[in-house]
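Given chain A, work out where chain B should sit, using these hints.
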Amino acid sequence: MATFEPVLTRGIGEIDLTDIEVYKQTGGFASLDKALRQMTPEAVAGEVSASNLRGRGGAGFPTGKKWSFLPNDGRPRYLVCNCDEAEPGTFKDHMLLEATPFSIIEGLIISAYAIRAQKIFMYIRGEFLDGYRIFRRALEQATLQGYAGRRILGTDLSMDIVMHRGAGAYICGEETAMLESIEGKRGEPRLKPPFPANAGLYGMPTVVNNVETICCVPPIITRGAAWFASIGPEKCPGPKIISVSGHVRKPGNYEVPMGIPARELIDDYAGGLLPGRRLKAIQPGGGSSAAIFEEDLDTRIDFDSLAAKKTMLGSGGFVVMDDTTCMVRASQTLVRFFEHESCGQCTPCREGGQWVARMVSRLEAGEGSASDLRVLNTINNTITGTNLCPLGDSIMPFLSSVLRRFPEEFEAHVRMAGCPLRAVALGATG
Amino acid sequence: MTPERRARAEELIARYPQAQSALIPFLQFCQAQDGYVTEQAISDGAEMAGITPAKARSIASFYSLLFKEPVGKHVVQICRTLSCMLRGADELQAHARKRLGLRNGETSADGAFTYEEVECLAACDRAPCLQHNLEFHYDVTPAEFDRLLETWAARDPATTMPAE
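Protein chains in written order, with our numbering: chain A, 596 to 1025; chain B, 464 to 627.
Heads up, a few of these hints could be off.
Cut-off 25 Å, straight-line C-alpha distance, at most; resulting in silico cross-link-like pairs (BS3-like, lysine-lysine) [claimed, not checked]: (1) K830/A - K660/A; (2) K780/A - K518/B; (3) K830/A - K904/A; (4) K531/B - K780/A; (5) K714/A - K660/A; (6) K619/A - K629/A.
Since the hints were made in silico from the structure, they are not lab data.
Bound-form chain A, shown alone (with noise of 0.2 Å):
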């Protein structure tokens, strides 16, 4: 923990960020600068590939394969910066956004230039209004001064940064809805292929890439592909923004290197457990992905430790919960989540996410009964695997993995007419 020197929160707290000249004193924009001057964008794109960043968005799909997939057919190509962070658990964008846009700005103008894109859109979440504003101004700052726009650096290169503010949609983060949305429409998902490389924003060929994956590419243009891939494991290298909530000490974001285990991020970053309190269930990447526990503890936080454990490392929200908390309310705050931002296109995400949360919440209120215990157990592969985006397939991971292993506690819900902590609870207080 003592060598890894953090690169994507530097400074974060400490000094301001948002002050152009604060950011050009700590060496910003110098990756720029080597970029357009020294590098042709095929040896940027060159780097980013041999640096083996995989996107942070929450798949996980390596950054360099993904710009190598654009056709070399003379059509614009775009460039889309997914800041549309909604994921629960989740609020590392949110907090890049407001606290280092320069950052966000570098990255863009140096990406576009690799992928040789026409334009760029940024795609704020709609609640991010004072991050809007934030990121609005650091923008005229940064096109004032030559790192925007028109003939940057003074070279040849002129790039615009359009700002696109979302309207309230957490399906919108998917990048073929957050396409749609762009263009002016509701937020639906595409079917693919064919895939945003080929037919993406206004049919053109375009990337989406995530506000920290973007925020990786100056430094590993500053320090080299080789310093990135040598963080963390070899397949999926480089510093990580994990964000830590619930029942821990110190909740925060907090910048590890990819594959520390999980029990280093929870007690010497996040400060440990409340005093007093065991744990019982960790989501390790989002409201979407499914939980771990207390023998889990050595896993190694990347994509493929994580996958490794059927779970996620998805968008690195890190929810923690501890033994007051009741899994079938955990459940319910999940289930509801889906079912209201389901974009309603595929039946069984949207008729399967309503039935659930009814089920659940029939359970929570103490009027479920066993034939719900028995669908909840049963209706995973009916749900999962069967829309065409990962919205559908995130409505039963958390709630499958904890009710394979709290049988009992749903069960009590159902045999007690109610929550057995809560009246554990109550018999406590009196």
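Frame of chain A; chain B shown alone:
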């Protein structure tokens, strides 16, 4: 369309390769003036985007921050998802409902407050959190809510949902 709205529409359209991309920003602009997305805004937006009003209405209805009916001057949105629930959102919501005299989704008769329980606001380390006219408030205890309520009630916001 009023000349002001037409000018705004043209300015928004110029940002994008296709006019329809300006629809949602345009409706956000209209909402900031009218307090919600009116039928006039829908028909102006449709005209601007070159689509039917029915289509524009369908698009607007997809987004939770575009209001189909008038809302209060103060829109209070408390997070109800997992991380906030783990850190006291249930108590905060119960307190807020009681103080405002409103249930989830309701607007007060005097048009002052709208209360909503919303999904994850991406501020889970400072839970429970809420937004008041899209302004974040973090680590909100019931006592802190009472304090906020006083400051809101003393203030008459220029616009409930700012466009930009």
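Quick rundown of the hints versus the structure:
1. K830/A - K660/A: Status holds; Cα separation ~13 Å.
2. K780/A - K518/B: This hinted pair holds, its Cα atoms lying about 9 Å apart.
3. K830/A - K904/A: Judged against 25 Å, a Cα distance of about 17 Å means the pair holds.
4. K531/B - K780/A: 17 Å, holds
5. K714/A - K660/A: Given pair K714/A, K660/A holds - Cα atoms ~20 Å apart, limit 25 Å.
6. K619/A - K629/A: Since the Cα atoms of K619/A and K629/A sit roughly 14 Å apart, the hinted pair holds (cutoff 25 Å).
Of the numbered hints given earlier, the model fails none.
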